[in-house]
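Chains as they are written, first to last, in this note's numbering: chain A, 1 to 281; chain B, 1 to 318.
No lab work stands behind these hints, which were simulated from the structure alone. Just so it is clear, the structure is predicted and the values come from calculations on it, not from any experiment. Worth double-checking, as some hints may not be accurate.
Claimed, not checked - Derived lysine-lysine pairs resembling DSSO-like cross-links, with alpha carbons at most 30 Å apart:
1) B:K29 <-> A:K227
2) A:K200 <-> A:K3
3) B:K48 <-> A:K136
4) A:K169 <-> B:K25
5) A:K234 <-> B:K29
6) B:K134 <-> A:K96
7) B:K29 <-> A:K136
8) B:K48 <-> A:K234
9) A:K136 <-> B:K25
10) A:K50 <-> B:K29
What the hints assert, rightly or not - Simulated restraints, written as ranges between beta carbons of each label pair:
11) B:E308 <-> A:L137: 47 to 55 Å
12) A:E109 <-> B:Q56: 49 to 57 Å
13) A:E109 <-> B:M135: 17 to 25 Å
14) B:E214 <-> A:K169: 52 to 60 Å
15) A:D98 <-> B:A266: 54 to 62 Å
16) B:N27 <-> A:E7: 40 to 48 Å
The C-beta atom is built at its ideal place from N, Cα and C for all residues, glycine as well.
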Amino acid sequence: MTKNVNELKQIASQVRRDIVRMVHGCQSGHPGGSLGCTDFLVALYFNAMKHDPSFNMDGIGEDLFFLSNGHISPVFYSVLAHAGYFDKAELATFRKLDSRLQGHPTTHEHLPGVRIASGSLGQGLSVAIGAALAKKLNGDDRIVYTLHGDGELQEGQIWEAAMFAPHNKVDNLIATVDVNGQQIDGPTDKILNLLDLAAKWTSFGWEVMTMNGNDMEEVVKTLAEAKSRTGQGKSIVILMHTGMGYGVDFMMGSHKWHGVAPNDEQLAAALAQLEETLGDY
Amino acid sequence: MKKYTYTDKKDTRSGFGAGLLEAGKRNDKVVALCADLIGSLKMADFIKEFPERFFQTGIAEANMMGIAAGLTIGGKIPFTGTFANFSTGRVYDQIRQSIAYSDKNVKICASHAGLTLGEDGATHQILEDIGLMKMLPGMTVINPCDYNQTKAATIAIAEHEGPVYLRFGRPVVPIFTDADQKFEIGKAWMVNEGADVSIFATGHLVWEAIQAGEQLAEMGIDAEIINIHTIKPLDAEAVLKSVAKTGCVVTAEEHNRLGGLGDSIAQLLAVNNPTPQEYVAVNDSFGESGTPAQLMTKYGLDAKHIVEAVQRVMKRKK
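So that you can see chain B by itself, here it is in the shape it has in the complex (with noise of 0.2 Å):
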């Protein structure tokens, strides 16, 4: 198993922070907006460099997606920021028809994803955004898994034409990548090459993958992981190629197990290569308040659930 350390911790959020700084200096047609969670989306830094580049709506989500398609028309990069569970499904029609349908060139940037916001709860917490954003033909769906990982996805966000949902979050997780890491939408990164059984894990749960592969290691179990940063386009040659050779999966992600990249692997299985697999996701709830390691183990998303998922799977090996 391949050594990953870290020294510092930090938010994905202040990443994507910090990507759009980079992204508005390197080209000034990006342009931002926010729905009144300039400090949730860490966007300060970015309004206060460039004031004429950004727009701030109020608490307003339909209008400021449908302001970013038409900021397009006059070539603008639109990045909008609010919570994830703002930033999908209470404007789904906006991102359907005038972003998706449309064709615009807009970079929906959600924070706080998934159930680790914590504290303030389900209403605020949001465990179906990839399912939505993927059944969106056109949409590319991006779920960095470290503060480093997120900043170079940002800054690649900007330089691909077409909409993208960029998902990060509010707890502060491991920065285990390097700082000057080349971001590629749509090519899997490998972890850690192994034989036994395929992880393939997104967003902080890759973190909690390798702490899980550790764990394996010491059972004699060579465990695969592979970093899915991008869940649409999947990466479908990279997941082929180790479940060839493994002949088991374990997919692992913050979200919902019905629609995220469980079933995107799964889906891709079912027709090019029938697989055992198990999920460590949320088993279709809600989630609740709670501090992030509490939601963590509670709904079985961290390294001990993956170690015990790896071993059903590997007892339904052919």
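Extracted from the complex, chain A is given alone in its bound form (with noise of 0.2 Å):
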């Protein structure tokens, strides 16, 4: 059932929480990015995606996601539970022993929602892109998204991918790129600067898009947008802005939240502010 605009803020505000919780109970784990990223993965779960919970590796028929990031788990899990394809309850036992929820995504527990072990960066594009011939091999007309970090891109392999995609007309893929300007070791700007990515993609031959991912108004309607130019002959790309621990004031762009758990203050202050300003599920 596809939720309207304000379901998804609800929706985004417990997955927020979620996050903080996660993170904190293991006190490890990457709160940043997937703050940052929770809007777009609850839009395209929530409304723009095709998908069955029941979960079949294959996905013949539905809409695919790749997390290439995979350090973002803990939003990913989330939105997974969420979506119905695993308990929530399982949340709690996040990169603990003899969890099915992994420090980074894999499919070696056998955890429904997940088609590829992502955590090595780099990549999720290439594998996603395998994905969609498999699709256009199989006359499946649905779409494969992926999501990446903008610090990822400093990785060969995505220009590989990058390089294949358009020149084979890879048309049912829409990869997006959370640009949120942060590495783990500082600004991207400062590590490792991508410079202009709009025209480093379009070079390559990519449709570009560009949208605010922490807008849920805007991510669904640009979500539809890029839905509506698939199966014309190009690779779609879409560059998100987003805010880096987007939702917890203390942890806003700052690189220092990239990978670093909230002490038990920390997290009564992160989850009183959600509960605050963004309501409950």
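Two chains, each in its own frame: build the complex with the hints.
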């Protein structure tokens, strides 16, 4: 059942609370990027994508999503749980021994909703292209989505894949890049400047769209527009501008919250803010 | 010593090409990818027959491995093709994460393995690939001995569920196995039953082992020769049974002596039945330019060196 913008905002609020609780619960993980990408993933799973939580690995007749920047697993796991792939209670096992919710997503523990291991950066776009090609061979007209971090674009394999997709008219693919300008060691433009990303993707032959990834209305609209442009011979990439740590003021915009867990006091403050500003699910 | 003869010589990579075409005819889920080496991998016949099931990735091996992993999501059975060097070390992380750890049904097909690629030199040779691939949990590692066996192995791996590393080569080698053989993954092939020494060989060194066996017979040494075409999973039963009879072992492979077939056998024996063993393998070095025959001699991989290894190991036999 497709949700409207207000309903999506409510789900996003719950997902953000899950993220801070999960990372606090094991005292490790990556809250910053997870919070920043929450609106996008919620809009994707509860509005844009056709998908089935009963989960079949091949996903024939379904849209598929590949998380390439696997370190933002908290948001992925929470969205999957809310979408019915597994029980929300399992979120409490995140990064703990014998859990299906490994630090980075894996198929190895057979967690429904996960189709590839990711975490070693730069590999997801290639995998998504393969899945998109398989859909074409199968006469399956559904769409393949990916998410990448902007820092991840420093990996060379991304550009091998970026060259391949338009050359081969992989037009059932919508890639998205979380442009938050932060990576673990600092601001992206200080570590290894990505310069003009739109120009880069355009020059590789992609159709480039942009959006504010923390404005739910805009996310929903842009995804709908991107979907309408598939099947026309072009691979599509959406440059999604987000704030690292969006929704929790003391985490906002700082690379320091890329991979740090909140303590008890910080958790309480984060939860209070999320309850207060975004309501309950 | 059982008599093996041949009338034709061919490269094992041509066996792969023929096997790929046959696998493609038998199963429409079989697809192929290549990183700008169609001629070297002998994939042209498959492409001609099934153009829509072939993907040229250009000189971008990491992307090729990722695309192959993705194609399995949708039920395809992808065969990737490039040189062994670029099929393993160059893309180890992609194979480890997107294929092996993700349990994807990808067949990594690697030509020009070992050092007998020859004149191109060490940058295009690889002597570490078996070790790299066998360390990956769930990965099957196969190194067939001639054209016919490579063709049969290629057909067999299409029917096997799970990631496979299939290793073959460029030089022409004698075709001495049957054209209509059944290839059983993980089941060693008894080439010659013997009583005095077990020679476990893989790849085209099986033929060298046969040559060595004939020379040993003339010296009065009765060698048991076993073709270990599947290095992982290793046919432990066949190895232990042979060693229990002969009491000493020579392993022969076109690979670094560290991490290859010899080490797999040694590890098995150390735990189950410690046995004197000699390695015929490259002694922890890179290769160099030269003809295949020159390299086989210089790096000690021919029948003569197998005979010498047998003589050494038999002196150590208890």
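The hints, checked one at a time:
no.	hint	verdict
1	B:K29 <-> A:K227	holds, 28 Å
2	A:K200 <-> A:K3	violated, 34 Å
3	B:K48 <-> A:K136	holds, 20 Å
4	A:K169 <-> B:K25	holds, 26 Å
5	A:K234 <-> B:K29	holds, 26 Å
6	B:K134 <-> A:K96	holds, 29 Å
7	B:K29 <-> A:K136	holds, 13 Å
8	B:K48 <-> A:K234	holds, 27 Å
9	A:K136 <-> B:K25	holds, 20 Å
10	A:K50 <-> B:K29	holds, 25 Å
11	B:E308 <-> A:L137: 47 to 55 Å	holds, 53 Å
12	A:E109 <-> B:Q56: 49 to 57 Å	violated, 35 Å
13	A:E109 <-> B:M135: 17 to 25 Å	holds, 21 Å
14	B:E214 <-> A:K169: 52 to 60 Å	holds, 58 Å
15	A:D98 <-> B:A266: 54 to 62 Å	violated, 34 Å
16	B:N27 <-> A:E7: 40 to 48 Å	holds, 45 Å
Checked against the numbered hints above, the structure violates hints 2, 12, 15; every other hint is satisfied.
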